[in-house]
Amino acid sequence: MKIAYRKLIKSLSSILLLLSPFTPSQSCGPDIMPNEGRFCVFRPEMGQKAAWTPFFYSEEWLNSYTADPEDTDYRRNIREWLTYLNTPVEESDVYELLYLTDPDDFLYAHETGNWEKLETNTFVQFLRKPENQAVMTYMLNAKQNEFIQQRWTDEYAWGDLAGKDLNLVENYQQKTEALMEKTTDAFLKQRYAFLLIRASWDDSQKYSSDVIKAGKDVRSIYNQYLKGKNTIVADWANIYIAPFYLENCDTLRYHYALLNAFDKTEEKKVAAYTRMYKKWLPDLLTFVPTPHEKAVVYTLMSLRNPGKALHELKSASKLDPQLSYLPLLITREINKLEDWLLSPSVLNFDSFLWQEQYNYETDQYEAVYEKNREKDLEYLRMFRSFLETLRPSAALPGPYLQNAIAHLYILEGNFEKAKKALNEISPQSAPEFLIQKNIEKIICTAHLADITSPETKEILAKDLKALEKSYKALYPEIKPKNEYEMRYYQDEGRDEWKDDMDELYVWLCRLYQEKGETVTAGLLYMKAKILVNEYDGGGYYSMNYYEEDGDTVMANLYYSIAYPDRYASPEQIDEWMKLKHSPQKTAFEKYISPEKWTSDEMLLDLKGTILIRLGRYEEACNTFARLPEDFWEKTYEFKHYLPATSIRYSPILPYNEEESGKKMKVSKARIAKELRELSEAVKKPDNPDIAKAWYDFGLALYNITYDGNAWMMFSYGKSSRELGDDYWSDDCRFAFYDFEPNATRYREEYYGGKKASDAFQKAYTFAQNNPELAAKANVMMFVCAMESYQNLVAASVDYDAPVPDVPARTKLLKYQLKKRFSGTRTYEILSSNCLDFEE
Amino acid sequence: MYQKPILLFFVSASVITISLMCLHPAPNITRAFYYWKTTTDKKNILPFVEKTGVSRLYLRLFDVDWSEGGQVPVPRGKLDNWNYSMPDFQEVCPVIFITPRTFERIQEDKLDALADKILKETKEYSHSIGRSVGYNRFSYPSESDYDSYAYAAYEKRISQFADSFFLMMPEIQIDCDWNEKSKDKYFSFLKIFKKKIPNKTLSVTVRLYPYKFSEVMGVPPADKGMLMCYNTGAIKEKNTRNAILDTNEVKSYLSGMKEYPLPLDVALPLFRWGVWFRYGQYKGIVHNLSEEEWLRDTAFASFDNNHFRIKTDKVIGENYYREGDEIRYEKPAPAEIVSTAKIVRRSLGLKNRVISFYHWESSYIREYENCIQETYKIFE
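For the record, the sequence lines run as chains G and D.
Residues in the first sequence are numbered consecutively from 1, following my numbering.
Residues in the second sequence are numbered consecutively from 1001, following my numbering.
What the hints contain is simulated information worked out from the structure, not anything from laboratory work.
No false leads were mixed into what you were given.
Sample of chain G residues lacking proximity to chain D, with all beta carbon distances greater than 10 Å (derived): (1) 142; (2) 169; (3) 184; (4) 229; (5) 251; (6) 273; (7) 285; (8) 412; (9) 424; (10) 429; (11) 465; (12) 496; (13) 528; (14) 682; (15) 711; (16) 714.
Quick partial rundown of chain D residues pointing at chain G, CB under 10 Å, derived from the structure: (17) 1314; (18) 1317; (19) 1318; (20) 1322.
Pairs of lysine-lysine, BS3-like flavour, derived with a Cα cap of 27 Å: (21) D:1311 with G:308; (22) G:529 with D:1181; (23) G:634 with D:1183; (24) G:371 with D:1238; (25) D:1314 with G:318; (26) G:279 with D:1314; (27) D:1314 with G:375; (28) D:1314 with G:308; (29) G:634 with D:1181; (30) D:1183 with G:639; (31) D:1311 with G:278; (32) D:1037 with G:279; (33) G:279 with D:1311; (34) G:314 with D:1314; (35) G:278 with D:1078; (36) D:1311 with G:375.
No residue lacks a Cβ here, since even glycine has one placed at the ideal position from N, Cα and C.
Next comes chain D alone, as it looks inside the complex (with noise of 0.2 Å):
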């Protein structure tokens, strides 16, 4: 008897939620990673490329520093020219990372002479990453080519692939964590680099922090922002759990937000390293640490839950471990990951936007492979 009413409800739920859908396609989402290494990967990284459908790069070119020697800012850890043929990633945006003393120390006047260094390398870069993409973007000429004009037309095409490649980023990225010291020379800077790359976007990191509490640190003046999601605990306490990822402290952060007022991309982890301690104290952070086959001797340390506790003094690479100390080794969790970006995504809503993953580490990548694939989706 009330059969009718009820099939009337669902027919007409579908169709509302129909429309809906067509009124909301779903968003467009550009699966990138980030390349922070200052060396090559010779790893072949294609199929992976080919397999997760990521399409952008950010490749960290170089940093900023400041000389106090030289009273002036200069390029440090230059990443090597990519010697290797690169995957041909449909989108390859640099990345400078700028440290919070450069523009604590710079005089103001000097900022337009920086954003114009800080171009002309970029552009420099962009020939060189151009023909690496190049080379694999189009055919080698057969053999019997070689030293015919083919070979000639296909140098020639590379240059002019090379040439145009910086015409063809469509964005830039400006890695800086400001503070309240450096905020107004670091948001001019960016209104004087804008201004000269006018037909690009430009993008800036914006960490949790930043994001919180924006009416202190402000916001800077660029396109869009890239939402670092990572980095949450504090990393010198003994009693932290994870300080690269903890879900909680993200959702904490998050929670109660008005909108940013920059559009917003999303940046989540995918690195590991091991926290040191001595006697309860903080000494530093080792890194490659999955590759220490050490840490599976167990006459050498035990290892409980995610610490290890070192049984006896040894040097390992350049560290001299004693006996009592302990290392945490962090790494995200594939599921943290994902409840993470289940919370970013309901805390700043279905988008189009970049979803990145910081950092590219062939191992990585290789074990994260399906938390990788499902966290693009919850996006999408």
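Only chain G is shown next, with the shape it has when bound in the complex (with noise of 0.2 Å):
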């Protein structure tokens, strides 16, 4: 899971969502690309060029990527052209004047003889001179080809569309074309050739036929000037002579011209690589000429092959065993492996533990689930096997091919093999490798060692630190010499850093919850910020969007609590806050503690809440009252959701006077007492009202549950994703809350009413000689057993299914109050004010 989220954010457009074959919905949940969902700790990077990012397993956004960040087809175009100058001209200002001169300026500079911004660059000193006068102008045309290229590919300029310029387009051809056949100079003339059939083509237009049409037919210039030439315009010329073959229908050749590009360019790559069809790359296989050639097709396959691909990438090394595309096509396969087999139980994406977890129906998922982590385990070891036939070259590096079959190793649970591998590593290896290494060792000693022993947290913290000074290593702060770089090119290895680091801590956040350490979990996970599929706030947008913008929005609060209103218990948030404000760290709770702690107050909050749930009233009074008073009124959203009354109060009969009340101060402190004194009162032996202590503490129970008046006491939002479905209800409306795991664990008391139920039980039984009472009791029974219906059952059958029959015990509850309490004053008021209820 990379940074491709970020860049997902960037590019996303709606049209997409409508053309493309896959797509992920813009709806309520966690909104992620597929590969936003892929746990991936072996690092793609290592090993490859940076313009092959894009094609990365974990990367599926191919277009949000500089085509060639590390310049390698530039400085290949440099270095040509150096060799054609062959005079003292520096190659930093070749470079500035090919690609970060704006050919505005530069046109401008040679029309009015002001070369001010220019003055010092070697490469204009010598265009300058009388004698290279051929060369300055082959630069004017060539900066005037930058800009019609720019008008319409630049998609920051608007309203520049190309269909009313292809006069200008014709009138540059012909010029270009005079102005190649007339030179004798063999370098100048491939170089005009190169822009006569750039020219042709229209990016914003992609193929469009009629600027094919209009344009014209450059293969022969190409067959003619470029043709098996060692030159990089020779290269690129291939994705602009591509269209015309397949204007004449002839995709063997189309495909063959984008392969070249693919294979000979670094810039072309993306470009070429989306612009083949993935039906006719097997029909490629017996038309290009020679082995590599035929590898580079199967390279392509297994890029294009979201499922196992090993047989590609067999072949592949077969044809060519030198083949640099290689550790590419094996760390996809790797990336896959770890998707598939760790992204269910570390991020809970495509989870069938998540299902189990949550207690949903999981019979149908389990078995096929079990299946399919077998067959990926069995196509894991035939990688393996196939892995370990290789041997190392100057393609696939020992380093790399023994991180990669530890890697295979440690996914397959065989950590001792695994650490076996990592020692054929040698120290002296490349960083990039070391860091792998570093990654694998880590995640062995957590599985080997017992983790929660201070020892091993030792050597964790040790190993941890270590690895981000490698990291710092090979990722180095750079400058950004200009803004081309500073844009693209330098964020990017530190953000991947990042972005592996926090992959390691979610991994070990899962085995330390395993192990019961909550409070270490929670802060490696918070540490980590990373999308999973669980509820942390924030709604639509990542929790780290809203923070780096100091905007805070309050569904952003709860991310400061989410991790342990999941998984703590009310001790654990004392150790939590307890190692908040030891003052004697040791150096693994210095690693895991957060810059910014969450705040006591919302602990405490936490904490109290959680007691709340467990029915121990007593001590989250003690907890809410360390709290300010006005804590409620001031933070999150408690004022909206807590009432300003007692919380004896009916959702369907009248206010009795005492529980109307006056209006108080929002506070759960308030709330919490009222609780703790109910339950009290209903535990005196010699209350002479023993039914009215039940009926109240029942009322109470109510209202703190789903669809109570004081829902928030429980929990901290409401949205259509809880089994309630309150869709149309405004509470949903400032995040779309989850309360898993709370949403199980508390599933028939806050949804269903059970406890509330069973008070109103004792009331009713109690209540024998006062049927005024009996019959408000008998109507709060029959309250909850409807929300125990809706919520529980008919809410989640499934939308073809009849909805279930209401209980009967329910229907008796109703039928029970018209039989035995029609004559009193509470069924009166009912039946006038509630006409379902006479039905």
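Using the hints, build the complex out of the two chains.
Now the structure itself:
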């Protein structure tokens, strides 16, 4: 799961939702591209060129990357120029003129003779000499070509449609052709040929047939001047001549031209790849002449395969053992296996385990999940066996292979063998291989040793710090030379570094959670700041988005307690606070400590809330008492979803005077106190009004359920993603809340009103001599039963299935009310105010 | 003996009915379609246009999205130039989709510039589309006139027509699924944009949620709205039957509503997709499902009602389907479109309005031809 999420945010457009073969939805919940849900700690960058990033399994947004961040093609072009010029011109000056100088600026400088901006550029100085007029003429033409291209390709340029400028293109082509024919300089002739070919192609219109027809068929120019020539412009030109083949239905030559553009250039790789048709690739195998080219075809087939692509990898490797793409293809397979085997358990995406954890109907998934897992492990073993047959080479360095094999052993659960493979990697290996080795080492330690022991924690802290250090060495902070570098290049590696660490943290988090160390797990989780399939607050946006902007939205406040809300006990929250304030933290504790701790107030509120869930009202009161009185008026969304009145309130029966009462401050402390008093009242053996006490306690318990008016005593949000499906409620507007796993833990109590119903049953039993109170208790038992039916039964059936009938007991309660209490005031009020009830 | 009064009753009733009919003539309905693709439809769609009387095309020109890199709004997903002769719809209305985050991120003082850019781009497109329509509307000179004055005159006429095409567009529509964070700046933008097109109708899309909860979501300051009666279900929920259209859902949104403050046109769905689940969890949307012949391959997938269940791991296109995956195939049933239309008509009343289908796809149109005709008639 790499940095593409941010890139996605930059790039998403609604039209893709309709036109691409697969798109994520933008509706509620984590909105992710498939790659965002892919767990990945085997670093795809290892042993690869930066230009290949778009082809990583964990990167799906092909066009959101700089085409050739290492400037491989540009530098080759500059070398060709320097060889041709054969004069003391600075390499950086050639770079500046070719790639950093705006065409307008250059053309303007030439027109006006004002070279102020480029005065010191040695290449410009060369061009301005009268004897170099031919090269200057070429450069002016080339800049004009750039101008034409940019007008069409720059998405930031509004309102420049190419359609009406075909005359401009034609004029340019005529002029360039004349210059090409006139010059006797072979180097310039080739370059003019390239410009002419490029001008026949319109990026914004892709392969618009009108433009192609309007332009010259440049294949003959390519064949005459560029075919077989060892120059970057010949290789680049492939992408521009390809559409002419397609226009003539010659799909083989079309793909062959694109294959050459893909293989021989870096800048045109993605462009060539995206223009190929998957279904025609196999035909290309018999068309391309050399084993290397056949291996490249298999490479392309593998890149287009989101499933198991060992066959393509084996074929490519057999045809060309020195194929430079082999690490790319191997890493893709490893990342796929990581995704299939680990994403469900670590990130909760595509997860049967997720379903199981929350007690959903899992029977139908369990068997197939296990079957798919077995198939994946079998594939993993086949794949590892293949890797073990490969010999290290320039294309496949030994440390790369050993890391790959070790990682596969880890995925298989064989940590000892993984360690053995890692030991084969020399400490003198390149930093990128040592980083991966350190990652694998940390994972092995975490699985083989007792991670809860202080000794192991010390080792982990030391290794994690060492890992960070090695990252710093690999990705030193670079001061960007120009806007281009600042925008695209500089932060890429450092972003990946952070992402790698985050994924490691979340993996460790899961291991600590398994061991019951919730505080450690929670702090690692929060350190990771990673997108998982769990609700952390923030709704549509990532928590980082707003944090970075310093704009606090209420839902984000929940992020600070989301993890302990899901997993911590009240005692563990005490541990959390103790660690927070500990003056003598161990190295490991220091390492996992966040830069900004969750506030004590929010932790205390959470602790009190969990105590309320557990029915430990006395402790809840003591906990809330430690918070400022106005905390709930000023913080989060409490004041909107907690009542300013007593919680001895019936949703269906009129207020009693004493219950409606005066308005008070919104305060969990006050409500907890009321709960405590009511819970104590029912325990008094000598309580003369025990029936009323149970009834009032029942009302209070009802009001802290999902449908009650003080539900925020129990949870921190509401949404359509919950069991009750309260879609129409305003309550769900501030966050797309998800209450799991608490929803499962407190299912009957919170969504079904079980505890409240039990209290009303007691009230009913004790009120045999008080028909009015018995009637009220009967009404509330019915309300609880309906709540349970609606939230837990009716809302969870398949849409097409018939809604189950209301349970017999619920019907009986209604019948009983009419039969036994129709003479009471309660029944009279109810039947006149609540028509449904009378039916 | 009592036949006379009955006869009198029927005569009176008929007179009253006829009088009422005279007082309330049949509403004037504009039959429309959305065109939402980025590429032009090469199929010959003229026969259908003529047959159904579709006279208006809502043509999505481009999206506007926020670029974090550039810190500016940028156009995306531009419609290709209409390189093929466009059927002669009487009216073409440009639609511009703007992402809500554009308004969340843009500064208030940049809204005017954004409106200018959108208008400039729209005018450029209008010219290009005008040419395409022009070539269809005006007869080409005969071959003998080629290279003659007639040909030059023809080209001049097309150019003039293209130049004036923007002026002929009756309406510009802004499509934005605004939220509470983007509302204020979106509404400010609409006010600014309207000032720049005083002689045109400015319409906005209104989804069912903001329609129902207009007090919270606000009412966009536009001349009219297009109520989008689809995407009614929770797509990620496994138990959802059909997220595209559920008449009961539409009914629940429309029922008990006071009149919306804007005059409303109506859009109904005409698209399909597959909703992909793995182990009961939502995985994504699969498009072009009807063209996927593999779904008929019983060795690969079993089909039950509107659910496909994958039997074996297989890569299809760019997707890797695993054994046990499920795909809920969703499309609006013709009867459901018709019943929804009836509910919408009852709720909104019979008025002059545009009835549009979303969206133009030749194969769908062929399949739903009768339904489309019937639906239009419901509002007439």
